[in-house]
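Participant: Residues per chain are reported as follows:
Number of protein chains: 2
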Amino acid sequence: MEIKIERAKTLKQKPDQNNLGFGKYFTDHMFMIDWDQDQGWHDARIVPYGPIPMDPATMVLHYAQETFEGLKAYRNPNGDILLFRPEMNARRMINSNKRICMAELPEEMFVEAVEAIVKYEQDWIPTAPNTSLYIRPVTFATEAGVGVHPAKSYKFVIILSPVGNYYPEGVNPVKIWVEDEFVRAVKGGTGFTKCGGNYAASIAAQVKAEQNGYTQVLWLDGVHRKYVEEVGTMNVMFLINDTVVTAALEGSVLPGVTRDSIIHILKDWGYKVEERDLSIDELMEAGRTGALKEAWGTGTAAVISPIGELCYKGEKVTINGFETGELTQKLYDTLTGIQWGRLEDKYHWTKLVK
Amino acid sequence: MEIKIERAKTLKQKPDQNNLGFGKYFTDHMFMIDWDQDQGWHDARIVPYGPIPMDPATMVLHYAQETFEGLKAYRNPNGDILLFRPEMNARRMINSNKRICMAELPEEMFVEAVEAIVKYEQDWIPTAPNTSLYIRPVTFATEAGVGVHPAKSYKFVIILSPVGNYYPEGVNPVKIWVEDEFVRAVKGGTGFTKCGGNYAASIAAQVKAEQNGYTQVLWLDGVHRKYVEEVGTMNVMFLINDTVVTAALEGSVLPGVTRDSIIHILKDWGYKVEERDLSIDELMEAGRTGALKEAWGTGTAAVISPIGELCYKGEKVTINGFETGELTQKLYDTLTGIQWGRLEDKYHWTKLVK
Numbered sequence: 409m410e411i412k413i414e415r416a417k418t419l420k421q422k423p424d425q426n427n428l429g430f431g432k433y434f435t436d437h438m439f440m441i442d443w444d445q446d447q448g449w450h451d452a453r454i455v456p457y458g459p460i461p462m463d464p465a466t467m468v469l470h471y472a473q474e475t476f477e478g479l480k481a482y483r484n485p486n487g488d489i490l491l492f493r494p495e496m497n498a499r500r501m502i503n504s505n506k507r508i509c510m511a512e513l514p515e516e517m518f519v520e521a522v523e524a525i526v527k528y529e530q531d532w533i534p535t536a537p538n539t540s541l542y543i544r545p546v547t548f549a550t551e552a553g554v555g556v557h558p559a560k561s562y563k564f565v566i567i568l569s570p571v572g573n574y575y576p577e578g579v580n581p582v583k584i585w586v587e588d589e590f591v592r593a594v595k596g597g598t599g600f601t602k603c604g605g606n607y608a609a610s611i612a613a614q615v616k617a618e619q620n621g622y623t624q625v626l627w628l629d630g631v632h633r634k635y636v637e638e639v640g641t642m643n644v645m646f647l648i649n650d651t652v653v654t655a656a657l658e659g660s661v662l663p664g665v666t667r668d669s670i671i672h673i674l675k676d677w678g679y680k681v682e683e684r685d686l687s688i689d690e691l692m693e694a695g696r697t698g699a700l701k702e703a704w705g706t707g708t709a710a711v712i713s714p715i716g717e718l719c720y721k722g723e724k725v726t727i728n729g730f731e732t733g734e735l736t737q738k739l740y741d742t743l744t745g746i747q748w749g750r751l752e753d754k755y756h757w758t759k760l761v762k
Numbered sequence: 409m410e411i412k413i414e415r416a417k418t419l420k421q422k423p424d425q426n427n428l429g430f431g432k433y434f435t436d437h438m439f440m441i442d443w444d445q446d447q448g449w450h451d452a453r454i455v456p457y458g459p460i461p462m463d464p465a466t467m468v469l470h471y472a473q474e475t476f477e478g479l480k481a482y483r484n485p486n487g488d489i490l491l492f493r494p495e496m497n498a499r500r501m502i503n504s505n506k507r508i509c510m511a512e513l514p515e516e517m518f519v520e521a522v523e524a525i526v527k528y529e530q531d532w533i534p535t536a537p538n539t540s541l542y543i544r545p546v547t548f549a550t551e552a553g554v555g556v557h558p559a560k561s562y563k564f565v566i567i568l569s570p571v572g573n574y575y576p577e578g579v580n581p582v583k584i585w586v587e588d589e590f591v592r593a594v595k596g597g598t599g600f601t602k603c604g605g606n607y608a609a610s611i612a613a614q615v616k617a618e619q620n621g622y623t624q625v626l627w628l629d630g631v632h633r634k635y636v637e638e639v640g641t642m643n644v645m646f647l648i649n650d651t652v653v654t655a656a657l658e659g660s661v662l663p664g665v666t667r668d669s670i671i672h673i674l675k676d677w678g679y680k681v682e683e684r685d686l687s688i689d690e691l692m693e694a695g696r697t698g699a700l701k702e703a704w705g706t707g708t709a710a711v712i713s714p715i716g717e718l719c720y721k722g723e724k725v726t727i728n729g730f731e732t733g734e735l736t737q738k739l740y741d742t743l744t745g746i747q748w749g750r751l752e753d754k755y756h757w758t759k760l761v762k
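Quick mapping for you: the protein sequence lines, in order, are chains A and B.
Numbering-wise, the first sequence is residues 409 to 762 according to our numbering.
Numbering-wise, the second sequence is residues 409 to 762 according to our numbering.
If you're looking for bench data, these hints aren't it; they were derived computationally from the structure.
A hint or two may mislead.
Copies of one chain are not kept apart here, so a pair can be met inside one copy or by any two copies together.
Unchecked claim - Using 25 Å as the maximum straight-line C-alpha spacing, the simulated DMTMM-like pairs for lysine to aspartate or glutamate come out as follows: (1) K417 / D442; (2) K634 / E589; (3) K560 / D444; (4) K417 / E682.
Model the full structure from these sequences, guided by the hints.
Facilitator: Next up, the structure:
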């Protein structure tokens, strides 16, 4: 892929690495490539980060033909740049785009684009502990018109943001509100994709949880309002006695890269992992009896987020005395160790950006 | 509301009124107003139609915080400008925005904005038979950032498009594919709103129907995959023996303005109207026995769209010999008669734009 480069005339001042927050700062440049029916993907370019002029009839603003991905670039102790399983993000975006009937950027082009923009903006990859460069690829419809149909033109854009911990307080247990009114996804819908509509629909429950003093929502399935699916924008896992239980990938749950990696590590360590229907009743009962030893969310942004409390229809159960569990911590240390290149990458997940 | 006006330097040539299509042309100007936490809604303006510069991190491009409406302005035989129940669209957008946690434009401001831009662009309202000016209000998040939360700033925009018949062939029966794989909406989700995500999710089924030689999709409910909900982007009604049956408004079905108006007219004419669960099995059986006399979709764009055939799991039933039914035609003539000011507006639905 030939990538044209237009350098920004002035570069921004880099933010304080110890106070990055999450997604507040964007780098000097972005990657962009266009698609239309005649030319396919064309005009790959790195250009100064800045506004994209958009016709008010652009279909993405009306019918939400839009999908995104999230991954990170890390500095290892030698100062090399690492990506973590970027091909998984490429493939997931292809699956998202298929479902939303959007043009699909081939896997190799996706990974090449990520590597190119990360390398070009490498001065922006922070080096302070637990910091990284968050990579946000997004595809959206650019055709202008008000008919509902697959758009005839798309843009794929990558923007970059230097980030610290997703939760400012670091790896600490959060309180989770089990949502029984709003539904995130249903089989036959778009739950397995990272399409914008899933996130728009999720905000109301998140606001409600926060109003009740909770950090995130635990989503139940849309059919029975009974089986545990995800937590906030993360996959979720439960250590019940000595078995790790998580929702199976059956259409309404996002196939998380962190989820897949953690399952792999757990099995490698000899843990029994069950991908199955887990009812909220079974979960709450395990919480009451103490069989529920640990619980955590998994996602690219927060990596591993321990869960300290569940509240379902007014009943609260505390998990592991509201302390980060031993397994949760070990998983966090292991996965972040691999991602930042501090531990041996025995699974060959990291990709060196040269 | 004070509305500033910036006139376009050059005006476009108006398109041929007999070949407008639907949503292909946009007028010279658009209405725009901004919202942020400090100022609320502010800076109402009519400006030349043109691109809006958008930061690539703008939340609408990632998390689809976006809702829209659709209504029309009509020329009556005297040349006056009529709107049809615009307050219904205003209220529905408020309900959509509440669900998606977006700023809500008050009803009076919505209607005032519609009237102002329609009046300003009145030369664009076509006069040929069955033509009108389609009005497309849209609200979307404008905050730039990659956290998932209610955005802190929004834009409300109205664009206008002179349109002809939604279906080029006019009021003729269409073939409908009963969808049993993809799901449009589920209770607890966003089915009752006009949020972009609903439409993005619907495209795959629409494409599948077209590939199978069908014009639109009949959606079944997401829980039982059994009860009839909508057809394409329209509500749907069935004349079974002498009763009109349509899905009830229970969260997964859009509360259509045309739906509401048609129910009102039918009851006024003495028809029995049942808003209830109608299973696809009951519907197909009614089709087989001939109890299903007529079927039609209702929506602002196409007004009334007769249904001539249903195909469910390979079985086809033809309705009324694939002819537009008597009641369907009478409803179309009555409603369009009121909308275009050819018939007496005994329900006080039209609003004169002065």
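Participant: With reference to the structure, classify each hint as holding or not holding.
Facilitator: Hints versus structure:
1. K417 / D442: Within one copy only: 23 Å inside, 31 Å across.
2. K634 / E589: Both, since 11 Å and 22 Å are each at most 25 Å.
3. K560 / D444: Answer is within; shortest intra-copy Cα gap is 6 Å, inter-copy 33 Å.
4. K417 / E682: Classified as neither; 54 Å inside a copy, 66 Å across copies.
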